Amino acid sequence: MTTEAVQLSERRLGKFGDKYFAGRPQQVLLRNWISFKSSAWIAVVSGFLEPVLYLLSFGYGIGELVGSIATPGGEISYAAYIAPGLLATSAMNGAMLDSTWNVFFKLNESRLYNAMLATSLGPLDVALGEIAWALMRGGIYATAFTVIVAALGLVTTWWALLAIPAAIIVAFGFASFGMAITSYMKSHHQMNFFYIFLLPMFLFSGAFYPLTVFPGWGQAIIKALPLRQGIELVTRAMSGEFGIHILVNISYFMVMICVGLFFTTKRLNALFMK
Amino acid sequence: MSEPLIHARGLTKTYGDFVAVDGIDFDVAKGESFGFLGPNGAGKSSTMRIIGATSVRTSGTLTILGKDPEVNGPQIRAHLGVVPQQDNLDVELTVSENIFIYGRYFGLSSSFINKKIPELLEFAQLEEKKDVKVQALSGGMKRRLTIARSLVSEPDILMLDEPTTGLDPQARHILWDRLFRLKEQGVTLLITTHYMDEAEQLCDRLIVMDKGKIMAENSPAQLIKDYSTKEVLEVRFGSDRNQEMVEVLRPLAERIEVLPDRILLYAEDGEQLLESIAAKGIHPNTSLVRRSSLEDVFLRLTGRTLVE
Chain A
0 MTTEAVQLSE
10 RRLGKFGDKY
20 FAGRPQQVLL
30 RNWISFKSSA
40 WIAVVSGFLE
50 PVLYLLSFGY
60 GIGELVGSIA
70 TPGGEISYAA
80 YIAPGLLATS
90 AMNGAMLDST
100 WNVFFKLNES
110 RLYNAMLATS
120 LGPLDVALGE
130 IAWALMRGGI
140 YATAFTVIVA
150 ALGLVTTWWA
160 LLAIPAAIIV
170 AFGFASFGMA
180 ITSYMKSHHQ
190 MNFFYIFLLP
200 MFLFSGAFYP
210 LTVFPGWGQA
220 IIKALPLRQG
230 IELVTRAMSG
240 EFGIHILVNI
250 SYFMVMICVG
260 LFFTTKRLNA
270 LFMK
Chain B
0 MSEPLIHARG
10 LTKTYGDFVA
20 VDGIDFDVAK
30 GESFGFLGPN
40 GAGKSSTMRI
50 IGATSVRTSG
60 TLTILGKDPE
70 VNGPQIRAHL
80 GVVPQQDNLD
90 VELTVSENIF
100 IYGRYFGLSS
110 SFINKKIPEL
120 LEFAQLEEKK
130 DVKVQALSGG
140 MKRRLTIARS
150 LVSEPDILML
160 DEPTTGLDPQ
170 ARHILWDRLF
180 RLKEQGVTLL
190 ITTHYMDEAE
200 QLCDRLIVMD
210 KGKIMAENSP
220 AQLIKDYSTK
230 EVLEVRFGSD
240 RNQEMVEVLR
250 PLAERIEVLP
260 DRILLYAEDG
270 EQLLESIAAK
280 GIHPNTSLVR
290 RSSLEDVFLR
300 LTGRTLVE
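Those protein sequences? They're chains A and B, same order as listed.
Per numbering that gives the first Met the number 0, the first sequence starts with residue 0, numbered consecutively.
Per numbering that gives the first Met the number 0, the second sequence starts with residue 0, numbered consecutively.
Treat the hints as calculated values from the structure; they're not laboratory data.
Model, not experiment: these values are computed from the prediction.
Every residue gets a Cβ at the ideal spot worked out from N, C-alpha and C, and that includes glycine.
Please note that a few of the clues may not be correct.
A short list of chain B residues far from chain A (calculated; beta carbon distances all over 10 Å) [unchecked claim]:
# : residue
1 : Asp86
2 : Leu88
3 : Ile116
4 : Glu233
5 : Asp239
Ranges of calculated distance between the beta carbons of each label pair, as one might list FRET restraints [as the list claims (entries may be wrong)]:
#  : chain 1 : residue 1 : chain 2 : residue 2 : range
6  : B       : Ser108    : A       : Phe213    : 36 to 46 Å
7  : B       : Ser137    : A       : Ala269    : 31 to 41 Å
8  : A       : Met190    : B       : Gly40     : 30 to 40 Å
9  : A       : Glu108    : B       : Asn113    : 26 to 36 Å
10 : A       : Leu12     : B       : Gly302    : 46 to 56 Å
11 : A       : Leu160    : B       : Asp130    : 40 to 50 Å
12 : B       : Ser108    : A       : Gly215    : 57 to 67 Å
13 : A       : Ala269    : B       : Gly40     : 47 to 57 Å
14 : A       : Ser45     : B       : Ala135    : 53 to 63 Å
15 : A       : Ala269    : B       : Asn113    : 29 to 39 Å
16 : B       : Leu300    : A       : Glu108    : 31 to 41 Å
17 : A       : Ser38     : B       : Gly40     : 38 to 48 Å
18 : B       : Trp175    : A       : Lys14     : 21 to 31 Å
19 : B       : Trp175    : A       : Leu12     : 34 to 44 Å
No more than 30 Å apart at the CA atoms, straight line, and that leaves these computed lysine-lysine pairs for DSS-like [as the list claims (entries may be wrong)]:
#  : chain 1 : residue 1 : chain 2 : residue 2
20 : B       : Lys66     : A       : Lys273
21 : B       : Lys212    : B       : Lys66
22 : B       : Lys212    : B       : Lys224
23 : A       : Lys18     : B       : Lys115
24 : B       : Lys128    : A       : Lys36
25 : A       : Lys185    : B       : Lys132
26 : A       : Lys265    : A       : Lys222
27 : B       : Lys114    : B       : Lys128
28 : A       : Lys18     : B       : Lys29
29 : B       : Lys114    : B       : Lys29
From just these sequences and the hints, can you work out the full model?
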C-alpha cells in the first residue's frame with residue numbers, strides 16, 4: 000500500500016523538522032505563478048509605477064528648485080539623490096503587496112492554506128513559498144526600477160548593479176515580517192494597520208531629504224525602522240561603500256527574515272494543526 | 000479482520016474546558032465505508048481532523064496504517080484524500096489547474112498528474128468545465144471537484160466531512176452515486192453526516208455520536224433492529240392537542256416519542272396500530288406509516304432529533 004504520494008512523503012522522514020517541512024516550497028510558488036498568469040496586470044504595474052512617479056515628479060520637479068547635492072562622492076542631481084531610497088521603497092511595496100493582502104485572503108477567505116496543509120506539505124513549505132513569491136515580486140520591481148534609473152542616466156558606476164541584491168534582501172525582510180504579522184490579523188480592519196504604519200515610514204525615512212533635519216532622538220527612532228535600514232543598505236550598495244555599517248544593515252534584515260519565518264511557521268502551525 | 004486501517008482507543012480532544020471528543024474507541028477496516036453520525040457539535044469533525052493529522056489529540060492512542068499522526072503527520076496525510084465541510088478550492092484557478100496543483104503539493108510529477116486529470120474530470124462529470132474558473136461552478140460541481148481533487152494522490156482513505164450539506168436533492172444523488180463507485184473500487188471511506196439517509200445509503204458500519212461520546216456502533220440495519228421497531232406511525236393532532244393525546248396513546252404502542260409537531264408511535268406493524276387507534280375512536284389530523292430509520296435510533300439513544 001505505498002502509492003507515489005506516500006513514497007514521496009517518506010523522503011524527508013527522520014530529517015530535521017520533518018513534521019513542518021516537506022521540502023516543497025516551490026510548489027507554493029508554482030501555484031502563485033499559475034494564478035498570476037491570469038491575474039490583472041494593472042495591479043502589478045500600479046505597484047511598480049508608484050516609486051517611478053515619485054522619482055519623476057520629485058526628482059525632476061522639486062529637483063529643479065533644489066539643484067545639485069553635495070555628497071561624499073561628489074555633486075549629484077536631486078533625482079540621483081532620491082533614487083536609492085525610492086528603490087528600497089519599491090522593493091518594500093512589492094513584497095508587502097503579496098505578503099499582506101494576498102496572504103490575508105488566502106488565510107481567511109479562500110481557505111487556501113487549509114487545502115495546502117491537508118496534503119503532505121508542512122507549514123514551513125507554505126511560509127517559505129509565500130515569502131519567496133513576495134520577495135520575487137519585490138526583486139522584480141527593484142530590478143525594473145534600477146533599469147529605469149540607469150536609463151535616466153542617474154547612476155555613474157557599475158556598483159549600481161549591487162542595488163538589485165540589496166533590494167532583494169530588503170524585500171525578503173519585509174515579506175517575511177509582513178506575512179508573520181498578517182497571520183495574526185483577524186479582520187480587514189486590522190489590516191489597515193499596515194498602511195497607517197507604512198506611509199509615514201515612507202515619508203519620514205529620509206528618502207527625500209537627509210535625516211539631519213530631525214533632532215537626535217528623532218533620528219534614532221527612524222534609524223530603527225526597517226525602511227531606513229533598507230534605504231541605507233541600498234544607498235551603500237549602490238555607491239560601493241562597504242564596511243561595518245552595511246554589515247549592520249544586512250544583519251538587521253537577517254534578523255527580520257528569521258523572526259518573520261519563525262513566527263509565520265509557528266502561527267500557521269497553531270492555526271491549522273490545533 | 001486483518002490489522003485495522005484506523006485504530007483508536009480512548010481518543011480524546013479538549014479545547015480548554017470543552018471536551019469535543021470524549022475517550023472514543025473504534026476500528027476501521029480496509030475497504031470499509033465507515034460513518035460518524037451525530038448532530039452538529041457531536042465531535043465528528045474534531046475526530047476527522049485528528050485522523051487527518053491536522054489536529055493533535057489531547058490523549059488516547061491512534062494509529063492510521065500503523066502510523067501515529069503525531070509523529071508521522073505528513074506521511075499519514077499522503078495516504079488521505081480530504082473533502083472538508085467547507086469548500087477550500089483554489090478560487091483563483093481553473094478546474095483542471097486545481098487538480099494539477101493539488102497533486103503538486105503532494106510532490107507528484109506533472110506527467111503523473113496530467114495522466115490522471117482526464118480520468119478525474121470524467122469521474123466528477125466536469126470535462127466541459129475543465130478550463131472554467133472555480134468561482135463559476137455550482138455547489139454540487141464544487142463538491143465533486145473537491146472529491147476529484149482529493150483523489151489525485153490515489154489515497155487509501157477518503158475522508159468526507161458532511162459531503163452533501165447544502166446541496167439540492169439532485170446534486171446529492173449524483174454525489175452519492177460517485178461515492179458508491181469509489182466504494183466499489185475498494186477505497187476506504189470515512190464519512191461524517193447528520194443526515195440519516197446519507198448514513199443509511201453510504202455506510203457499511205457507523206458510530207452514533209453525541210456530545211463527544213459514542214452512543215452505539217453497528218451497521219445501519221442492525222442499529223435500527225437493535226434500537227427501534229420495524230415501523231413507525233407518525234400522527235398529528237395539531238399543536239394544542241398533541242400533548243393531551245400522549246397519555247391515551249401510550250399503552251397502544253411499544254414506545255412513544257413526542258416531538259413539537261407530531262407524535263411517533265413505534266410498532267412492528269404500523270397499519271395495524273393505526274387501525275386499533277381508529278377503533279378507539281381516535282382520529283388524528285394526519286397519519287403516516289414508515290419504516291424505522293437511523294433518526295429513530297438517534298432519538299431513542301439521546302432523546303433528541305438529529306437536525307434541530
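Against the structure, the hints:
The beta carbon of Asp86/B is not kept farther than 10 Å from every beta carbon of chain A, the shortest such distance being approximately 8 Å. Listed as a non-interface residue, Leu88/B fails to keep its Cβ farther than 10 Å from every Cβ of chain A; the least gap is roughly 7 Å. The beta carbon of Ile116/B is kept farther than 10 Å from every beta carbon of chain A, the shortest such distance being approximately 14 Å. For Glu233/B, the shortest C-beta to C-beta distance to chain A comes to about 40 Å, beyond the 10 Å cut-off, and the non-interface label holds.
Its beta-carbon lying about 47 Å from the closest one in chain A, Asp239/B satisfies the requirement of being farther than 10 Å from that chain. Our hint of 36 to 46 Å for Ser108/B and Phe213/A is violated, since their Cβ atoms are close to 57 Å apart. Roughly 35 Å separates the CB atoms of Ser137/B and Ala269/A, a value that falls within the hinted 31 to 41 Å. The supplied range of 30 to 40 Å is met by Met190/A and Gly40/B, whose beta-carbon atoms lie about 31 Å from each other.
For the pair Glu108/A and Asn113/B, the supplied restraint of 26 to 36 Å holds, since their beta-carbon distance comes to about 29 Å. For Leu12/A and Gly302/B, the hinted distance range of 46 to 56 Å is satisfied, since their beta carbons lie about 48 Å from each other. One distance hint, 40 to 50 Å for the beta-carbon pair Leu160/A and Asp130/B, holds here, with the actual separation near 42 Å. With their beta carbons about 60 Å apart, Ser108/B and Gly215/A fall inside the hinted range of 57 to 67 Å.
Range check, Ala269/A to Gly40/B: Cβ separation about 22 Å, and the 47 to 57 Å hint is violated. For the hinted restraint 53 to 63 Å between Ser45/A and Ala135/B, the CB-CB distance of approximately 26 Å leaves it violated. The hinted window of 29 to 39 Å between Ala269/A and Asn113/B holds, with their beta carbons roughly 36 Å apart. Leu300/B and Glu108/A have their C-beta atoms about 39 Å apart, which keeps the hinted 31 to 41 Å range intact.
Taking 38 to 48 Å as the suggested C-beta distance range, the pair Ser38/A and Gly40/B conforms, at roughly 39 Å. For the pair Trp175/B and Lys14/A, the supplied restraint of 21 to 31 Å is violated, since their beta-carbon distance comes to about 42 Å. Separation of Trp175/B from Leu12/A is about 37 Å and conforms to the stated range, judged on CB atoms against 34 to 44 Å. A threshold of 30 Å between alpha carbons decides the hint, and for Lys66/B with Lys273/A the separation of about 19 Å falls inside it, so the pair holds.
For the given pair, Lys212/B sits about 24 Å from Lys66/B by alpha-carbon distance, which is consistent with the 30 Å threshold. Our distance criterion of 30 Å between C-alpha atoms is met by Lys212/B and Lys224/B, whose separation comes to about 21 Å. Between the alpha carbons of Lys18/A and Lys115/B the distance comes to roughly 28 Å, so the proposed pair stays at or under 30 Å and holds. A hinted pair counts as satisfied when its Cα atoms are at most 30 Å apart, and Lys128/B with Lys36/A qualifies at roughly 19 Å.
At most 30 Å may separate the alpha-carbon atoms for a hinted pair to count; Lys185/A and Lys132/B meet this at roughly 27 Å. Pair hint Lys265/A plus Lys222/A holds up; C-alpha atoms about 29 Å apart against a cutoff of 30 Å. Of the pairs offered as hints, the one joining Lys114/B and Lys128/B holds, with about 18 Å between alpha carbons and a cut-off of 30 Å not exceeded. Straight-line distance between C-alpha atoms of Lys18/A and Lys29/B comes to about 26 Å, which keeps the hinted pair within the 30 Å bound.
Of the supplied pair hints, the one linking Lys114/B and Lys29/B holds, its CA atoms being roughly 26 Å apart against a limit of 30 Å.
When each numbered hint is compared with the structure, violations occur for hints 1, 2, 6, 13, 14, 18.
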